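Dock the two chains into a complex; use the hints.
Just so you know, the sequences run in chain order A and B.
So in our numbering the end of the first sequence lands on 289, straight run, no missing numbers.
So in our numbering the end of the second sequence lands on 522, straight run, no missing numbers.
Hints listed in this document are in silico derivations from the structure and should not be mistaken for laboratory results.
Predicted model, so just to flag it, every value in this text is computed and none were measured.
Ideal Cβ positions, reconstructed from N, Cα and C, are used throughout, including at glycine.
Check each hint, because a few of them may be wrong.
Here chain A is said to cover these stretches of chain B; the calculated rule only asks that three of the stretch's residues, wherever they fall, bring their Cβ under 8 Å from a Cβ of chain A [claimed, not checked]:
hint: 1; segment: 335-345
hint: 2; segment: 361-371
hint: 3; segment: 374-383
hint: 4; segment: 389-403
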Amino acid sequence: MTAWIDTLLQGVMLGGLYALFAAGLSLMFGIMRLVNLAHGDFIVLSAFVVLVLMTALGLDPFLATLLAAPALFGLGYALQHYLLNRTIGRDVLPPLLVTFGLSIIIQNGLLEVFSADSQRLKAGAIETASISLGGGIALGTMQLLTLASAIGVILVLNLIFYRTELGRAFRATSDDPEVAQLMGIDNRHIFSLATAIAMVVIAVSALYLGMRANFDPTIGPARLLYAFEAVIIGGLGSLWGTLAGGIIIGVAQAVGAKIDPEWQILAGHLAFLAVLVLRPRGLFPRAGQ
Amino acid sequence: MALIETRGLTAFYGDFQALYGIDLRLEEGETLAIIGANGAGKSTFLKTIAGLLAATPESVVYAGRPIGGLSAPQIVRLGISLVPEGRRLFPSLSVEENLAIGAYGRHDCGYWSLARIYELFPALAARRRAPSHTLSGGEQQMAAIGRALMANPRVLLCDEVSLGLAPVVIRNIYAALPRIKASGSSIILVEQDIVQALQVANRVYCFQEGRMSLEGRPAELSRDQIHTAYFGA
Ligand SMILES: Nc1ncnc2c1ncn2[C@@H]1O[C@H](COP(=O)(O)OP(=O)(O)O)[C@@H](O)[C@H]1O
Ligand SMILES: [Mg+2]
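So that you can see chain B by itself, here it is in the shape it has in the complex (with noise of 0.2 Å):
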């Protein structure tokens, strides 16, 4: 049984339709890559995954049950955490407070704690009691991702985390990767950097203008077959 599955998912803003119906399957300990032009639906996708975006309740599969259309707070609580492209930390909450309270009404001791938090991302720890918007584009990436994974979440969903970033910096960030997985979740992640996201997943999904239009195993894929898939034909 896959851990999360879509099927036909669509999603629309008001009139214009967004996702034109796509299955995707994540499987437990998976990381997957969505790869894609810009515009081409894939925060659409995460969101709409992570309940801010309605859909019909078979459309999204979450380890059997159907999960799709339940509300954002509901999802969260199902163990499935987004981290938002753009970081998007709360301005007025100390880094700190920014991590806590990913925790929101939380009593339960998973593998996250902050102190676990700040090993992962020791650059975080000097800062813990700057507020966020002080924060380098590296610290906010760091920060954003802490504060889902203070969920404990089986699924983190991953929009575009090396946006804007530098190199070095976004090789950081990459290297927490194995200890998130290792620490039981399975990973959806968006990325606009193609090089990237094939050295790290188990799968790659391309899609373009609110449609699927490739999948495979990143060793399988050609240039070429990649190159149509991203830009059209």
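Excised from the complex, chain A in its bound form (with noise of 0.2 Å):
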């Protein structure tokens, strides 16, 4: 019984890793109908500027994201503004090319810079330590603060999301760019606002990322896996779906792990086939769409 309930906590842990992986790419689909197929290089892409940070200037993981930040705003707006605003348009197929091509550029980028060694952001003391439940369950103080952050991040995004003007402006482009212009909206701002933001969600997923795990220049695409996952199955455009997406997903990660260690990630899949199957639009499609 311990042992059951220590595997659904370590999954909801794990659900709160990949509720963050999907944070940026709900937040980019649900304003944008944009699909960033290089999502996870980005999370890699940051987890390496976070590293050269911490090497440069001997910061520790947390202050090296927290100074990475403001430029990986800066780097989305451009982004966006430069590139991906161009894509955008009555077709799907030009922004995901775009994005396709961006990930082979990042991982190859990254692998003539930094080579194919793994790398990871060492926190110290904290990796290890670990907070107990009684009852011979303890909970690693990493996985409750990946956790943690995950719904701190989708709090703060809701808040922004509903309580701020830019918010409002964000779901009028979401639900119908041409009137949100009559309203004296620039969507392509918007839109590379949301961007900006999205690569500060992609900075806080680095951190957990490269702290939680060796990572390496070519692991990119598996993360953009179980974001997608975690976005379908918490239903497009919902950030609190999303974080349930995660969870569910970190849960049958678990569950299968304990059943077998080579059904991990397997049932993570079948978890999310399950899901398609029984919701095809989600677990919290958004209203009046």
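As structure tokens, this is what we get:
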């Protein structure tokens, strides 16, 4: 019994990581209907940015991420402004092709600069710390922090979405970009801000990606897959749904691994397929669409 | 000087030409009606003025200034607001948010505020927190007009505000016009409902297949003239 509770809790916390991966993707898709196939590679790229800042300035990973965030915000704005905005239109293919191309460029660029060696964002004692809940169950501090960060990120994004004028503009533009322009909203600027914010979320994902496990330039696409599944499970455009989606995949993987370690990844994908079959529009599809 | 003047305005959807040289004037304080059969180009005309379709600079002049081809956000900042055909409220925004977004990026205090819109359309006040897609057709139209007014426009462009509404609802909406005019807006109304349009307009233009087929004051136009201009000879 204790073992199963432990498995479940581990799964939920792993889900926090997947929800973090997925939040940026969900944000960009929700506002622009843009599927960023380079999402996972941007997470890896950001992890390398954090790594470089850590080694150059002798910072710990958290401070380095704080420092990287504004730069990544700027990178996201520029990326959308100069490249992705040109691909958005009636046709869904151009953004897919361009972000697929970006994915390959980023992977090869990182391989060129950093080689294929595994890296890690060393965080010190916190990596192995844990909190005992009694009854033989202990939660890793790092795992808890990941889940708390995922919830925090989604809370902040929801505040932006539902409590600010910018968030109102995000939702309006997502609903009807043509009429949004009639309100004086410059869609291209709104889209660029959305990608800029998504890049900050990516920076937070990168922090936990790099602290929890080794990373190298090639692991982006697999993160994209988990993120994608979490977004679809949750229902397109719902951030809390994305958190739920991440947790479902995490729990499925933990349970799968408990039965047989080889089943971990497969169990996550099976959970995704099961939700797709039962609720094709996801668990929390957006109203009015 | 006219508030808005179009000079040989043309509009295209790809290769298809929808407007063939429209010359129209809106004087300050006027209410204009544009009538015409389905597909005559009325919505296209309003959308072009509002900046949603391309135009050459000199083909739309606003208070003496060429504005043709400016972007829609630029045009609304200048004081021209469009109530689009079919209301097109934002479904994921509440009624109040739909109104508030009409004043996006503005911090000037003009005549219109949320409170004044609720005064104009009391039905909206009761539904302010409701998701906009739960409103009745008439309430949706009121919200769409209120949303456009929140920008405190000098020119209000209304595209078929009475479409699909019951006569009593249409009367309610038209009853708001005097107050809107008194707030300082000049108005261009696109209507299929000719009787309604002739009642409120100072002047009427009729469109036919992308061209202007008739212009005049309602009192000076005969039924036959309008019939011919509307349906063709
Ligand atoms: N988005 C569009 N793409 C292509 N053709 C269009 C589009 N919108 C309108 N049209 C065409 O332009 C002409 C004028 O349409 P419209 O301005 O909507 O007429 P009205 O508002 O007078 O009914 C019609 O022939 C219509 O089919
Ligand atoms: Mg029309």
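- Item | chain A covers the segment 374-383 of chain B, three or more CB atoms within 8 Å, holds or violated | It holds, with 5 qualifying residues against the three required.
- Task: Go check the segment 335-345 of chain B versus chain A for me, would you? Three or more residues, Cβ under 8 Å, otherwise it fails.
- Result: Since 3 is at least three, the answer is holds.
- Message: Taking 8 Å as the Cβ threshold, is the statement that the segment 389-403 of chain B is covered by chain A upheld or broken by the three-residue rule?
- Response: Three-residue rule met by the segment 389-403 of chain B, so holds; n is 6.
- Query: Against chain A, does the segment 361-371 of chain B show at least 3 residues with beta-carbon separation below 8 Å?
  - Reply: Contact hint for the segment 361-371 of chain B vs chain A: holds, 6 residues under 8 Å.
Consistency note: the structure conflicts with none of the earlier hints.
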